[in-house]
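> Top to bottom, those sequences are chains A and B.
Under my numbering, read the first sequence as residues 6 to 100, first letter to last.
Under my numbering, read the second sequence as residues 402 to 875, first letter to last.
I should point out that these hints are in silico values taken from the structure, not numbers from a laboratory.
Just so we're clear, the structure is a prediction, and the values are computed from it rather than from any experiment.
Just so you know, even glycine gets a beta-carbon here, dropped at the ideal spot from N, CA and C.
Among the clues, some could well be false.
Among chain B residues calculated to face chain A with C-beta under 10 Å, some are [to be verified]:
1. Phe-470
2. Val-498
3. Thr-637
4. Leu-650
5. Val-652
6. Ala-653
7. Gly-656
8. Val-661
9. Tyr-708
10. Val-710
11. Leu-758
12. Phe-771
13. Lys-774
14. Arg-783
15. Gly-832
16. Trp-858
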Amino acid sequence: MALQLTPQDVARIAELARLDLEADEVPALARQLTTILEFAAQIQTVDADAAEPVRAGSAAWREDQIGPCLPREEVLEQAPDARKDAGLFRVPKVL
Amino acid sequence: MEPKSWPSADLRSAIRRGDRTVQSVVTDALGRIADANARLGAFITVDAERALERARMLDRSEDRSGALFGVPAALKDNICLRGMQTTAGSRILQGFVPPYSATTAERLEAAGAVIVGKTNCDEFAMGSSTEHSAFGPARNPWDTTRTPGGSSGGSAAAVAAGLVPLALGSDTGGSVRQPAALCGVVGGKPTYGLVSRYGLIAFASSLDQIGPLAGSVGDAAMLHDVIAGPDARDSTCANHSVPGATSKLDVAPAGLKIGVPRHLLERGVDAEVAAAFDAALATFSSIGVPAVTVELPNSAYAIAVYYLVATAEASSNLARYDGVRYGLRVPGSPVDEMYSRTRSAGFGAEVKRRLMLGTYALSAGYYEAFYLKAQKVRQLIRRDFDEAFAHVDAIVLPTSPTPAFRLGERLDDPLQMYLADVFTVGASLAGLPAVSLPCGLTAGRLPVGLQIIGRAWEDAAVYQLASAFERARR
C-alpha cells in the first residue's frame with residue numbers, strides 16, 4: 006500500500022480529531038505520519054484471515070441498580086464554567 | 402555517587418516497633434525529594450502538608466498492621482488521588498483536582514501508605530523517555546544527561562534515587578518496565594485484568610495496567626499484592642482471585658524452564674545489553690532453570706500492531722478532553738471551535754501525533770486495513786505466546802535494546818523512539834504478566850534490565866523466577 010499523506014489528508018484527520026493545526030505544522034506532521042504509517046503498513050503482508058480480532062475483556066453484565074455517585078457540587082467545582090444552582094455545565098452555543 | 406533505592410522491610414519493622422515515627426519517615430522522604438527534585442524532575446506535585454497530616458494521624462493510630470503502614474509512596478500523575486492535583490503530564494488538565502481516588506490509590510492508603518506526591522510522566526502516558534511531559538523532563542539518577550525512560554520515568558527515578566521506597570506507574574506498551582530497566586529498579590506489569598484501572602487516566606483501554614516500582618523484587622511483589630484484586634468499578638478487572646505475587650518468592654525455581662526468542666535479538670540490541678542478557682541466562686542455568694530457544698514469529702509486527710491499536714484507542718479515550726467539564730478551556734464559539742482551540746492549546750506534539758495516527762487508523766476507508774487488521778495480527782501474536790508456553794514456563798528478553806539514551810537524542814525521529822518498545826509491547830498485546838529487574842551495568846555504569854514474561858494469571862511464577870535470580874546475584 007503506497008501511502009503519502011497530503012496536506013489535505015492531514016487537514017481532514019485533524020478536523021476529525023478536533024485539532025487545529027498551524028500551517029507550518031502540517032508538512033512535518035505529514036512526513037512523520039507517512040513514515041509511521043508506512044512502517045505500520047507492514048502488517049498488510051501478514052496472512053491473518055484465520056484470526057479473530059482481539060476483543061479485550063469480556064462483556065460483564067450487572068443489574069441496572071442506582072448506586073453512590075460523585076456529588077454533583079464537587080464535580081461542578083472542576084468545571085471551567087457552570088450553572089451550579091441548576092447543576093449544569095455551561096458551554097458556548099452548540100449550533 | 403551511584404543512586405541507591407530505599408528498601409522497605411527495615412523501615413516497616415522500625416515503624417511497627419515504634420523505633421521510628423511515621424512523621425519522621427515522611428519528613429525524611431520529603432527532605433530527600435526537596436534535595437533532589439530540581440535535579441531529577443521526578444515529581445510534578447508534592448503535598449507535604451497532606452502527607453504530614455496523614456503521618457500524624459497514623460502515628461496516633463493503634464492499628465499498625467497495614468502491609469505498608471507508614472511507608473512513603475508516590476503515584477504516577479495519571480492515577481487520580483482525591484484532593485491532589487492530577488495533570489497526566491499535560492496542560493489540558495490544568496487545575497484539575499480529582500473528586501475521587503483510583504482504586505489502587507485507595508488500596509495503598511488502606512494498607513497504611515503515605516502518598517507524598519505525583520510523579521512526572523510523558524503526557525497521557527505517551528512516550529518512552531518522560532521528555533513529552535508538559536512540565537519538563539525527568540532525568541536518570543544514574544546520569545542526569547540521560548532519560549529515565551518512560552512513560553513512568555518520574556516514578557522510576559524517584560525509586561532509583563531512594564526518594565520513596567515504593568511507587569506506582571502505568572504500563573501500556575512498556576511504560577513501567579522500560580523505565581525500571583533504564584533506572585536499575587524492579588518494575589512490573591500485571592496480567593491484564595488483575596489490577597483495577599478505575600481512576601487511571603485512560604490511554605489505551607485494552608492495554609493499560611497499573612504496576613509497581615520498587616528497589617527489590619520482594620517490595621515490588623508486595624506492592625503488586627496490595628493493588629491487585631477484583632474491583633466492581635472496572636468491568637475489565639477480573640472478578641476471580643489468583644495466587645499473590647509474593648506467594649512463591651522463596652520457592653526454588655528448579656524444574657521451571659525459560660524460553661528465549663533468539664530471532665528477535667539478531668539485530669538492534671546494544672552489545673553490552675546482549676552481553677548482560679547472556680550472563681543472565683547463565684545465572685538462570687546455574688540455579689537449575691535452563692533456557693531453550695522459542696519462536697514468536699509474529700512478534701516482528703508487534704510494534705506496528707501496537708502503534709495502530711494503542712493510538713486508535715487513545716483517539717477515542719482522549720476525545721473527552723474538550724474544555725467542557727474540567728481542565729483547560731480556550732474560549733471559542735460555536736462549541737466546536739472551543740473544542741479544537743482547547744485541544745490544540747492543551748495537547749503537546751506527541752499526543753497530537755498519536756491522536757492523528759489513531760484517528761486515521763479508525764477512519765472510513767482505513768479502519769479495516771489498519772485497526773481491524775492490527776487486532777487480527779494481535780491475535781496471532783497471542784497465539785505465538787500460547788504455543789511457546791506449552792514448552793516453557795516463562796519467556797525472557799532484555800527489557801530495552803539499549804541502556805538509557807541521552808535527553809534530546811530521539812526527539813527528532815518519533816519512529817526511532819517507538820522502536821525502544823520492541824521487547825515490551827508483546828506482553829502488553831497478549832495481556833501477559835511481565836517484570837523487569839536489574840541484571841547488570843554497562844561499562845559506563847548504566848543499568849541493564851532483564852524481562853521475565855509469564856503465562857496469563859501466573860504473576861506468582863514470574864515473581865518467583867525474578868526472586869530466585871535476584872538471590873543468585875546477591
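> Does each hint hold? Answer for all of them.
Cross-check of the supplied hints:
1. Phe-470: violated, 28 Å
2. Val-498: Because about 7 Å separates Val-498/B from the closest Cβ in chain A, which is inside the 10 Å limit, the hint holds.
3. Thr-637: holds, 4 Å
4. Leu-650: violated, 29 Å
5. Val-652: Hint violated; Val-652/B Cβ to chain A Cβ min 31 Å, cut 10 Å.
6. Ala-653: violated, 35 Å
7. Gly-656: violated, 32 Å
8. Val-661: Given a least distance of 23 Å, the restraint on Val-661/B is violated.
9. Tyr-708: holds, 6 Å
10. Val-710: Hint on Val-710/B: holds, closest Cβ of chain A at ~8 Å, below 10 Å.
11. Leu-758: This hint holds: Leu-758/B lies near chain A, its Cβ roughly 6 Å from the closest one there, short of 10 Å.
12. Phe-771: Check passed: Cβ of Phe-771/B comes within 7 Å of chain A, closer than 10 Å.
13. Lys-774: Since the shortest Cβ distance to chain A is 6 Å, the answer is holds.
14. Arg-783: Hint on Arg-783/B: holds, closest Cβ of chain A at ~7 Å, below 10 Å.
15. Gly-832: Because about 8 Å separates Gly-832/B from the closest Cβ in chain A, which is inside the 10 Å limit, the hint holds.
16. Trp-858: Violated, about 14 Å.
Consistency with the previously given hints fails for numbers 1, 4, 5, 6, 7, 8 and 16, ordered from lowest to highest.
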